[in-house]
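Start counting the sequence shown at 1; every next residue gets the next number (my numbering).
Hints are computed from structural coordinates only; laboratory data are not their basis. All C-beta atoms in this analysis are idealised placements derived from N, C-alpha and C, irrespective of residue type, glycine included. It cannot be assumed that every hint is accurate.
[What the hints assert, rightly or not] Below, simulated DMTMM-like cross-link-like pairs (lysine to aspartate or glutamate); rule was C-alpha separation at most 20 angstroms, straight line:
#, residue 1, residue 2
1, 255, 170
2, 264, 200
3, 264, 60
4, 255, 271
5, 255, 124
6, 262, 60
7, 150, 228
8, 262, 169
9, 128, 228
10, 262, 200
11, 128, 259
12, 255, 196
13, 150, 60
14, 77, 244
15, 128, 244
[To be verified] DEER-style ranges, computed between Cβ atoms:
#, residue 1, residue 2, range
16, 264, 71, 16 to 26 angstroms
17, 90, 207, 16 to 26 angstroms
18, 260, 159, 41 to 51 angstroms
19, 270, 242, 23 to 33 angstroms
20, 207, 67, 38 to 48 angstroms
21, 91, 248, 38 to 48 angstroms
22, 87, 200, 32 to 42 angstroms
23, 170, 242, 29 to 39 angstroms
24, 80, 252, 37 to 47 angstroms
25, 256, 74, 20 to 30 angstroms
26, 206, 170, 21 to 31 angstroms
27, 203, 248, 15 to 25 angstroms
28, 159, 245, 42 to 52 angstroms
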Amino acid sequence: MGNSRISATLGAIVASTILAACAHSAPAENQPAPAMAANPGTVDKMKLPPGYLPRTAMPDSLALLPPPPAPDSAAMKRDEEARDAAVKLRGTARYTQAATDAVIGFPQIPNDFSCAMGIAITPDTTPKLYAMMAKMTIDVGLSTYGAKNKYMRVRPFVAHNGATCYAKDEQLLRKDGSYPSGHSALGWGWALVLGEVNPERANAIYQRGREFGQSRLICDAHWQSDIDAGRVIGSAAVSRLHADPAFLADLQAAKAEVEAAKAKGSTPTVDCAAEAAALATVAQ
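Construct all of the structure, not just a fragment, from the sequences and the given hints.
This is how it looks when you write it as structure tokens:
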């Protein structure tokens with residue numbers, strides 16, 4: 001990635017929680033990451049935990065994506081219309097769920113997908129799966145930064161002088177390009193892999209991955225076109241991971257681990273009925 005910049009938002013992705021998860025040990029719950037300045041060359045100097053791929057093998061979002069919608073274009077009009085509809089969900093259970101989805105940390109991320117998977121995803125019950133989700137986060141997250149840094153698109157809450165559903169991240173987001181959505185890339189990437197690990201529940205998992213991205217629209221942190229582009233990068237990153245022997249070995253181990261967990265009667269530790277109701281909330 002050469003002289004690319006990396007923002008404080010990715011600092012949340014590479015928090016010590018991820019470092020611990022990649023080492024197959026239990027991290028402190030949602031421990032915050034140190035802030036990382038978005039300065040040229042930071043990627044080269046940063047001691048990131050290892051993903052599966054060398055940076056030269058990661059998908060290039062700048063090559064894969066068109067520019068974001070131009071001001072006054074039809075595509076930008078659609079983005080504004082989607083935002084207007086999403087704003088109506090403020091104060092609802094879906095808005096609260098969007099705030100939960102905003103947290104990129106472990107164990108929050110496994111919990112977000114636990115209901116869709118139908119099992120608990122923890123470092124004790126499914127250590128291989130838990131660590132694989134953390135490790136692939138590096139590859140998928142970094143793959144978004146070519147386009148992010150090139151376009152530095154202003155986020156909707158900034159453009160409209162508003163607020164997001166997760167105030168803790170707002171200062172960081174103001175310095176981080178909106179296009180493509182890293183959260184959407186990650187959510188869709190995790191969903192694709194989890195659907196392969198647990199194909200019996202693939203549709204529920206894909207739906208959760210889609211909603212994880214849509215939470216960014218509801219949160220006013222991303223435009224809809226950011227989210228759509230994020231899914232493209234998430235798909236590309238997962239496709240590339242399937243050419244990596246270490247990832248494939250971990251994938252097979254995770255499949256066996258999940259089958260064993262299901263045989264033991266593992267169940268999610270979160271309130272799945274409440275999550276389902278929140279995700280089904282529609283604007284009035």
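To see whether the hints hold, each was checked on the structure:
no.: 1; hint: 255 to 170; result: 37 angstroms, violated
no.: 2; hint: 264 to 200; result: 17 angstroms, holds
no.: 3; hint: 264 to 60; result: 41 angstroms, violated
no.: 4; hint: 255 to 271; result: 24 angstroms, violated
no.: 5; hint: 255 to 124; result: 16 angstroms, holds
no.: 6; hint: 262 to 60; result: 37 angstroms, violated
no.: 7; hint: 150 to 228; result: 18 angstroms, holds
no.: 8; hint: 262 to 169; result: 36 angstroms, violated
no.: 9; hint: 128 to 228; result: 29 angstroms, violated
no.: 10; hint: 262 to 200; result: 11 angstroms, holds
no.: 11; hint: 128 to 259; result: 12 angstroms, holds
no.: 12; hint: 255 to 196; result: 8 angstroms, holds
no.: 13; hint: 150 to 60; result: 12 angstroms, holds
no.: 14; hint: 77 to 244; result: 40 angstroms, violated
no.: 15; hint: 128 to 244; result: 16 angstroms, holds
no.: 16; hint: 264 to 71: 16 to 26 angstroms; result: 55 angstroms, violated
no.: 17; hint: 90 to 207: 16 to 26 angstroms; result: 23 angstroms, holds
no.: 18; hint: 260 to 159: 41 to 51 angstroms; result: 48 angstroms, holds
no.: 19; hint: 270 to 242: 23 to 33 angstroms; result: 29 angstroms, holds
no.: 20; hint: 207 to 67: 38 to 48 angstroms; result: 30 angstroms, violated
no.: 21; hint: 91 to 248: 38 to 48 angstroms; result: 45 angstroms, holds
no.: 22; hint: 87 to 200: 32 to 42 angstroms; result: 37 angstroms, holds
no.: 23; hint: 170 to 242: 29 to 39 angstroms; result: 36 angstroms, holds
no.: 24; hint: 80 to 252: 37 to 47 angstroms; result: 45 angstroms, holds
no.: 25; hint: 256 to 74: 20 to 30 angstroms; result: 49 angstroms, violated
no.: 26; hint: 206 to 170: 21 to 31 angstroms; result: 30 angstroms, holds
no.: 27; hint: 203 to 248: 15 to 25 angstroms; result: 24 angstroms, holds
no.: 28; hint: 159 to 245: 42 to 52 angstroms; result: 44 angstroms, holds
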